[in-house]
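K.L.:
Chains as they are written, first to last, in this note's numbering: chain H, 5 to 249; chain P, 115 to 459; chain X, 115 to 401.
It is worth saying that the hints were derived from the structure and are not from the lab. Computed from a predicted model, the values in this text were never measured in an experiment. There could be a bad hint or two in this list.
Stated by the list, open to error - As a list, the in silico DSS-like pairs of lysine-lysine whose alpha-carbon atoms are at most 25 Å apart:
1. H/Lys246 - H/Lys229
2. H/Lys146 - H/Lys107
3. H/Lys146 - H/Lys196
4. H/Lys197 - H/Lys121
5. H/Lys115 - X/Lys291
6. X/Lys278 - X/Lys353
7. X/Lys291 - X/Lys278
8. P/Lys308 - P/Lys320
9. X/Lys278 - H/Lys121
10. H/Lys115 - H/Lys196
11. H/Lys121 - H/Lys84
12. H/Lys146 - X/Lys291
13. H/Lys84 - X/Lys291
14. H/Lys84 - H/Lys70
15. H/Lys146 - X/Lys278
16. X/Lys278 - H/Lys107
17. H/Lys107 - X/Lys291
18. H/Lys115 - X/Lys326
19. H/Lys70 - X/Lys291
20. X/Lys353 - H/Lys146
21. H/Lys121 - X/Lys291
22. H/Lys70 - H/Lys121
23. H/Lys146 - H/Lys115
24. X/Lys353 - H/Lys107
Here is what each chain is made of, one letter per residue.
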Amino acid sequence: MPGSMNMRPNESVILDLQDVSAWYGQSRALHGVNFSVHEGEVVALLGRNGAGRTTTLRTILGLVGKRTGLVQAFGRDICKWPSYRIARLGVGYCPEERGIFSKLTCEENLKLPWQIKTSDAAMSLEEIYQLFPNLAERRYSKGLSLSGGEQQMLAVARILRTGARLLLLDEISEGLAPVIVEGLAEAIQTLKKLSFTILLVEQNLAFAASLADRLLVMEHGCVIKSLSSSELEAQRSWVQEKLSI
Amino acid sequence: MSQDYIGAARPTYLYIYIAGTVLLLIAPLIGLYPVLGTNMLCFAIFATGYYLLLGCTGLPSLGHAAFFGVGGYLAGYGIKVIGITPEVALLAGALNGAVLGLIMGIVAVRRSGIVFAMVTLALAQIVYFLCVQIPQTGGEDGIVGISRGMLFGVIDLSSDTVMYYVTLFFFLAIFYFILRVVRSPFGLLLSAIKHSEYRVISVGFKPNNYKLLVFVISASISGLAGSLKAMSTGVATLGDVHWMTSGYVLLMVLLGGLGTILGPTVGALVLVFLENKLGAIGVFLGSVTGISWFGTLGQSVPMVLGVLFVLCVIVFRQGIAGGLMLLLERISSNRKRPDDPGDFD
Amino acid sequence: MPLNLFFLQLFFGLTNGCFYVLLSLGLTLVFGMLRIINFSHGAIFTLGGTFAWAAQEYFAVNYWVMLLLAPIVIGIFGIIIERVLIRRIYGLDDLYSVLLTLGLTLIIDGAIRSAFGVAGHSYEQTTFGTVSFGPIMVPLYRLWVVVFSLLVWLAVWLLVERTKLGSYLRAGVENAKLVGALGINISTLTSLSFGLGMGLAGLAGVLAAPIKTISPVSGENILVVVFAVVVIGGMDSMKGTLLAGIGLGLVESLVRIYYPEGSSVIIFVIMGAVLLLRKQEMKKVEI
Numbered sequence: 005m006p007g008s009m010n011m012r013p014n015e016s017v018i019l020d021l022q023d024v025s026a027w028y029g030q031s032r033a034l035h036g037v038n039f040s041v042h043e044g045e046v047v048a049l050l051g052r053n054g055a056g057r058t059t060t061l062r063t064i065l066g067l068v069g070k071r072t073g074l075v076q077a078f079g080r081d082i083c084k085w086p087s088y089r090i091a092r093l094g095v096g097y098c099p100e101e102r103g104i105f106s107k108l109t110c111e112e113n114l115k116l117p118w119q120i121k122t123s124d125a126a127m128s129l130e131e132i133y134q135l136f137p138n139l140a141e142r143r144y145s146k147g148l149s150l151s152g153g154e155q156q157m158l159a160v161a162r163i164l165r166t167g168a169r170l171l172l173l174d175e176i177s178e179g180l181a182p183v184i185v186e187g188l189a190e191a192i193q194t195l196k197k198l199s200f201t202i203l204l205v206e207q208n209l210a211f212a213a214s215l216a217d218r219l220l221v222m223e224h225g226c227v228i229k230s231l232s233s234s235e236l237e238a239q240r241s242w243v244q245e246k247l248s249i
Numbered sequence: 115m116s117q118d119y120i121g122a123a124r125p126t127y128l129y130i131y132i133a134g135t136v137l138l139l140i141a142p143l144i145g146l147y148p149v150l151g152t153n154m155l156c157f158a159i160f161a162t163g164y165y166l167l168l169g170c171t172g173l174p175s176l177g178h179a180a181f182f183g184v185g186g187y188l189a190g191y192g193i194k195v196i197g198i199t200p201e202v203a204l205l206a207g208a209l210n211g212a213v214l215g216l217i218m219g220i221v222a223v224r225r226s227g228i229v230f231a232m233v234t235l236a237l238a239q240i241v242y243f244l245c246v247q248i249p250q251t252g253g254e255d256g257i258v259g260i261s262r263g264m265l266f267g268v269i270d271l272s273s274d275t276v277m278y279y280v281t282l283f284f285f286l287a288i289f290y291f292i293l294r295v296v297r298s299p300f301g302l303l304l305s306a307i308k309h310s311e312y313r314v315i316s317v318g319f320k321p322n323n324y325k326l327l328v329f330v331i332s333a334s335i336s337g338l339a340g341s342l343k344a345m346s347t348g349v350a351t352l353g354d355v356h357w358m359t360s361g362y363v364l365l366m367v368l369l370g371g372l373g374t375i376l377g378p379t380v381g382a383l384v385l386v387f388l389e390n391k392l393g394a395i396g397v398f399l400g401s402v403t404g405i406s407w408f409g410t411l412g413q414s415v416p417m418v419l420g421v422l423f424v425l426c427v428i429v430f431r432q433g434i435a436g437g438l439m440l441l442l443e444r445i446s447s448n449r450k451r452p453d454d455p456g457d458f459d
Numbered sequence: 115m116p117l118n119l120f121f122l123q124l125f126f127g128l129t130n131g132c133f134y135v136l137l138s139l140g141l142t143l144v145f146g147m148l149r150i151i152n153f154s155h156g157a158i159f160t161l162g163g164t165f166a167w168a169a170q171e172y173f174a175v176n177y178w179v180m181l182l183l184a185p186i187v188i189g190i191f192g193i194i195i196e197r198v199l200i201r202r203i204y205g206l207d208d209l210y211s212v213l214l215t216l217g218l219t220l221i222i223d224g225a226i227r228s229a230f231g232v233a234g235h236s237y238e239q240t241t242f243g244t245v246s247f248g249p250i251m252v253p254l255y256r257l258w259v260v261v262f263s264l265l266v267w268l269a270v271w272l273l274v275e276r277t278k279l280g281s282y283l284r285a286g287v288e289n290a291k292l293v294g295a296l297g298i299n300i301s302t303l304t305s306l307s308f309g310l311g312m313g314l315a316g317l318a319g320v321l322a323a324p325i326k327t328i329s330p331v332s333g334e335n336i337l338v339v340v341f342a343v344v345v346i347g348g349m350d351s352m353k354g355t356l357l358a359g360i361g362l363g364l365v366e367s368l369v370r371i372y373y374p375e376g377s378s379v380i381i382f383v384i385m386g387a388v389l390l391l392r393k394q395e396m397k398k399v400e401i
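Next up, chain H with everything else stripped away, as it sits in the complex:
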């Protein structure tokens, strides 16, 4: 596999994918994906639409049709696990379409996900409202009436409440005003300091680059290059070409 991988010997591997393939019905979406993510790392998955980035996240959570290969999270082999078990292990998911339930209120959306009892990372409702004051204002509004930015904050907030330590974030900056994107970036920096492990799918290279320790470029359903953040500048034009910017 090309590119260097910064091995941090003191940190454990939180997420490991080896030769992972996935299918939607008859069509194959992932062709042997290999990478691993260490505790406390922020890794960005980059690539064009259709490269397989969202599919990779969905595969980790067991939301695709058929999976082969090895998927390990927190040291457990989760390849055959149902989604809810994977979530309860400590994997938090912010889907691409945000997935806010329109008929539930903001607070109901927040309280919906399963809280992991053994985790000390779970934030209480008050802490979340401190981190995202907008949500506190809108706590009794139905999901349908929240703005795009509020929905995105809610999507991130609710997995913080679960106590998940591995966060899978799918295009959270998409379609949001720059000031909100800044706010999200700050929130993620905070989480990084708190040793959350984050796997970020992003189209916005600047956003990803500002946060990620490592960037993985995907094409045609597999990872073609792994770059550390320091290596990015040198390869920037190549990366941009791969993202067709």
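Position chains P and X relative to chain H; hints supplied.
P.N.:
Chains P and X in isolation, oriented as in the chain H frame:
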């Protein structure tokens, strides 16, 4: 819809059609009771017409018994009371299907899928209740003693064998008609509507018009089948209009195979045979296994049908004909094995 | 028509409407969560009544016990059916849910017929008597049916709108897979929903037993009416279900007073009109 051919029949299937036709032609000579055979063919006609709607266009109507039953009533009442000739009775049956089908269809095709099914069911219930109340239908007793008469004044239908061959003629005509439709560009359009109505709209067609057309055609065929059946068995009853009959036809299509035009025919032949012979089969099973309960199988036809339904849905979705087609495909070519009934035509 | 008879007829319509409401609730709950149209709902209605009747006939178990017991037993039966059969058709075309549940109907009806005979049964129960509201005499049992049905509707509404489990159900209706990805065991949720839906149908069956003949035919007939009610009232609102069920029950009885032959078809005619007039929306599931 066959993905590589449009308009051309695949050679292997041609042999099947020829063999099937020959088999049906000689059946009475090799021991098939003509009355049973005629009954089978009536339902085969019903089911194949229904296939046009369900298999090709993806519209699961639960109300087709209305057309079938009313076709029977019209033929019965017409022949017994008014004294019309058989060909007029058959025409009346088909026309009733077209008219009723138009009325029902206009309301029903505005929706698809499950809601479409529920709507057709509810509308058919209206027809059912009307049939219960109108005195001409004979109410609970129905119309009995329907004579067959002389077709076109020359063909004596009172002979069971002649009736069989006349019905066979209609069956073959309708079967090949639908086969041609399925392989035509129109059939391709129907298939497109079945798979993605939105896309069809996006290229400028109005699917509802085509859905309505197909609904009316299949309803007419059902009406014709109903008249034939009434003339053949001499009886038209409320049971023919009840939604259970619609379910019966649905089971035929499912059992035979949703993905091929042969499916409904196979399903109809098997199911009518099964229904008639279930008692005998039960006795046979009882004597072979020693379990006396099998002897009562004849009285539990609905239950057996229910079990068949469940089995077909859970483990046997491709149906009998579908399963055989799959086998043929595997032997003759490299087509990937589909999980669903597939599209074989 | 004398006034007291008129109101009595309307009241009968009200009780019928309550049965429609209970059955519609069960149907929409199952459809919302599982995307399954449960054609066996009518057979379960009959099963509830038959169960109550048989318990009384053979074991002298009284009505009140059966009112509690029958829905629970049928609910458990529903959970088993969901795990063994229904589960296998998730993700398939909607048609298969019709076919599977239709098959279940045939099996259940056939079993009832072969066990208890083809003729319907009437349920003997201690007389409730009547109560008077001014000039109008109302059978107390039917009053009980109305009150109890409304209470049940309220209980289900509270469950769905005000409890955590209810929020899981409401979210599951929108996006079941995502709810799973957020750590909720969807498989348990779907089993419970199906069981609850069936239990409601069974409950309606027990409630109806003293006032309607219990037979598979009555189950089949009421199922089709309930489908029409659901098409009219919509599948996405519990309040809509309540209004549609009660409203249509009343309309039915009104028609029965003035034009008895039309009463059996009026609901379908209304359904047809609603469909013709309602604008078609490009949603995944349109009612």
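K.L.:
Mind listing which of the numbered hints don't hold for this structure, in increasing order?
P.N.:
Of the numbered hints, 3, 18 and 22 do not hold.
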